[in-house]
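Residue numbers (UniProt numbering): 1 to 782.
Mixed in with the good hints, there may be bad ones.
Said to hold, decoys possible - As a list, the in silico DSS-like pairs of lysine-lysine whose alpha-carbon atoms are at most 27 angstroms apart:
1) Lys108 with Lys225
2) Lys764 with Lys495
3) Lys572 with Lys510
4) Lys65 with Lys308
5) Lys345 with Lys308
6) Lys340 with Lys638
7) Lys225 with Lys210
8) Lys240 with Lys273
9) Lys108 with Lys273
In case anyone wonders, no lab produced these hints; they're calculated from the structure. Computed from a prediction, not measured in an experiment: that's the story for all the values here.
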Amino acid sequence: MGESIFNKIPSGAAQQRVPEARMAAARTSREVVGAGDPDAAYFRTLEASGILLNASQIAAVRHFKGPLLTLAGAGSGKTSVLICRTGYLLSVRRVDPREILLLTFSSKAAQEMRDRIAVLPGIHPQDIRLLQARTFHSFFLQLIRRQGNELEIWSETRRQHILLKQMMREMGLQDAYQPETLLSLLSSYKTNLIDIPDMPEDSVTERETKRILLQYEQWKLDHEKMDFDDVLILAYRLLKGNPALLRTIQDRFRYIMVDEFQDTNHLQYELVKMIAAPQDHLMVVGDDDQTIYSFNGARSEYILEFEKTYPRAKVITLDINYRSGTRIVGLGNEVIRHNKHRRSKTLAAVRSGASGPMYTRPLTSDEEARLALDRIEHEVRAGKRTYGDYAVLYRATSNNRAILEQLMIREIPYIEYGDGQLLYENTLVLPLVDHLRLGLNRRDFTAMESVLPTLYINRERGMSHIVQQESVRAKKGPLVHLLTLSGLKDFQITKIQDRLELIRTLSSMKPSAAIALMREKFYNAYVEADERKLLTQHKEMIKEMLDELEASAERFDTVAGFLGFISDVIQKSREQSSDKSREQGNRVALMTIHRSKGLEFPVVMLIGAIEGSLPHSSAIEADRMKDTAYPEAGGASKGAAALEEERRLAYVAITRAKEELIISSPARYRGKKAAVSRFLLSAFGGDAAEGAVTTSSALRARSEVAAGTGYARSGGRSSGASPARSGSSAAATRTESVAAWLCQGPGCITWTRIAARDHGLAAKACPLCGKPMHRGRKDVPV
1 MGESIFNKIP SGAAQQRVPE ARMAAARTSR EVVGAGDPDA AYFRTLEASG ILLNASQIAA
61 VRHFKGPLLT LAGAGSGKTS VLICRTGYLL SVRRVDPREI LLLTFSSKAA QEMRDRIAVL
121 PGIHPQDIRL LQARTFHSFF LQLIRRQGNE LEIWSETRRQ HILLKQMMRE MGLQDAYQPE
181 TLLSLLSSYK TNLIDIPDMP EDSVTERETK RILLQYEQWK LDHEKMDFDD VLILAYRLLK
241 GNPALLRTIQ DRFRYIMVDE FQDTNHLQYE LVKMIAAPQD HLMVVGDDDQ TIYSFNGARS
301 EYILEFEKTY PRAKVITLDI NYRSGTRIVG LGNEVIRHNK HRRSKTLAAV RSGASGPMYT
361 RPLTSDEEAR LALDRIEHEV RAGKRTYGDY AVLYRATSNN RAILEQLMIR EIPYIEYGDG
421 QLLYENTLVL PLVDHLRLGL NRRDFTAMES VLPTLYINRE RGMSHIVQQE SVRAKKGPLV
481 HLLTLSGLKD FQITKIQDRL ELIRTLSSMK PSAAIALMRE KFYNAYVEAD ERKLLTQHKE
541 MIKEMLDELE ASAERFDTVA GFLGFISDVI QKSREQSSDK SREQGNRVAL MTIHRSKGLE
601 FPVVMLIGAI EGSLPHSSAI EADRMKDTAY PEAGGASKGA AALEEERRLA YVAITRAKEE
661 LIISSPARYR GKKAAVSRFL LSAFGGDAAE GAVTTSSALR ARSEVAAGTG YARSGGRSSG
721 ASPARSGSSA AATRTESVAA WLCQGPGCIT WTRIAARDHG LAAKACPLCG KPMHRGRKDV
781 PV
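Could you put together the complete structure from these sequences and hints?
Shown next, in the form of structure tokens:
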């Protein structure tokens, strides 16, 4: 396969110099630990087993008492340090194994630690039996069980979802909220030590979600069940309320080590501090540059401000990367150094980086998928690689649509580490697809039920009426029976009539045009006016899924062809999901960057490295978004904190690659021009904010829903993208004044154009904050 489409620098780079990390010195314990050192015998036995530690690793292993923060850069051998320090405490310091506690986040990691400690020289099987290397939940579950707690762990996600759906039906809130969203919200409150009765009630959504969660918690109490968050909450309350028990735990576990410290949430951190006190022989290992789980409560300030909590703390930095070549490590260094709120560290490498990262600038996401899979197939056929060597990483699940479809069509073996839900099955996308299905077959009752909520008609009531009327007099389009539904107001009847007429026209349209028309006529307004849906996902995330549906439909000339393709893809996906193995094996791995943390692959393909995707549009717009998932950090604004977390995501993706890294930045993304990610351009001499051709104001305008009159402008350096039609940068700055609804809510800057359908309205509710919107004027780019 030709290499001309793959370049050594990203499109639009300010300079040609390829970032490269320095080569690390080759000194190991053989040179660092002298024969006369009292612990030399321990390190000689490690060397005989093939474990050669560098100077920083040795310093961490030798640490005995008091707090220690070990900053473990990507690929720096943190697990080796943890297991070797455990062996050091046992073999050299003669610590009782019952006094050691290692806490981590996954059972697999805990088991790996136990297995690796067991084969260290001088470690006896009895030591491993007495040693505690466990997950947070496993350790604290054992604690509360020993204190008489017999509540059943309720971890069956499917049953939890069924229960929440049933509760919502009984409350008259059928399909109002997604169960996974409610459970995520519940977890957030618990891990931040906020009791459910103390949840806010400032809006209808907040009152409804609080009511649902209170009933859910009462049901668990009545049925003697608890979830994993409850385990930590109960342990926290137990230790807080029982000082004698807390002292017993503190006396028992005198040496505590915490892995992946950057992932700890507030509740976990409080538990660790409680049991480590008062001696504080606490070793935490983590990397603030890999704090990417703020939406789960992880906080980088626990590492950044460690010495404020523990003034006696020693800080050791592991800054040698053993995973990747110098050019991959160098790119990671250049990307992450632009973050302001971080511990200063620059990684060195031990492997040469002659291959280096490669960059490509395909036209669209579909071409991106084709190029990526062409390369994979070529390398596999040539015998250079296996499918299992490859991982395809992306910012959000909605980014995998094109490559997932190509994998299925080509029958390339793959495994997708996600929820397994296709774009076309998403609850926010499905109603549009079902409108298309009704356009082809107006007697599709399954599709009919799906579209009822978009007419603001209860599913059960609407379908019951339709079925009853059909038994009396069948119709070619049974949806017409809604016109005889009791209690309808005149405007509702008009809406139903308009929708029936629209459905009749869909089959003759191109599918992308049909989707665009439905969004313009009713669907965008329906989604954005529903505060419950805004709770489920960011406004920008909702929009990007709908944009992706349009982008997918553009490949087809007929609705029938598009729906046939969707059916085939769904069928292939279900066949693929029948393989329950979660081990990659000889399959291409697909996953979000979040899921890739802690993993490594011979070849990493990072797709969608563009503005609006990485960094994500929700981060670019975080300052103005009410439901942003990004907390303020270090005094920075939400927007600045959000962009720093996005940069950390880019860093994590880059540092997963062992041998090859391929980064793709499509020139067009969901029908619009897209700039190469600012994170890449900044690594090649550009400003950290360069590449942001899609500016904050343009993104804001792009998200407006005003009868299809949202606007967007692009400009600036964007090699490989189509030139601006105006041919002049001045075109992006000319404005005109338009009639607009302006939100009156404090701090809310939402606005939408006034549409013809708004005639006669004096005010309307803001789709973002719910406050009144008044008529006014807005200057917008021409």
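Now for the hints, and whether the structure bears them out:
Under the criterion of a C-alpha separation no larger than 27 angstroms, the hint pairing Lys108 with Lys225 is consistent with the structure, at around 25 angstroms. The suggested pairing of Lys764 with Lys495 holds, with an alpha-carbon distance near 19 angstroms, which does not exceed 27 angstroms. Between the alpha carbons of Lys572 and Lys510 the distance comes to roughly 25 angstroms, so the proposed pair stays at or under 27 angstroms and holds. A C-alpha spacing of about 18 angstroms is found between Lys65 and Lys308, which places the hinted pair at or below 27 angstroms, so the restraint holds.
A distance of roughly 20 angstroms separates the Cα atoms of Lys345 and Lys308; the hinted pair therefore holds under the 27 angstroms criterion. As the CA atoms of Lys340 and Lys638 are separated by approximately 14 angstroms, the hinted pair is consistent with the 27 angstroms bound. Note on Lys225 and Lys210: the hinted pairing holds, with a Cα-Cα distance of about 19 angstroms set against a maximum of 27 angstroms. For the hint linking Lys240 to Lys273, the alpha-carbon distance of about 12 angstroms falls within 27 angstroms, and the restraint holds.
For a cut-off of 27 angstroms, the pair hint linking Lys108 to Lys273 stands: about 24 angstroms separates their Cα positions.
Going through the hint list in order, the structure satisfies each hint without exception.
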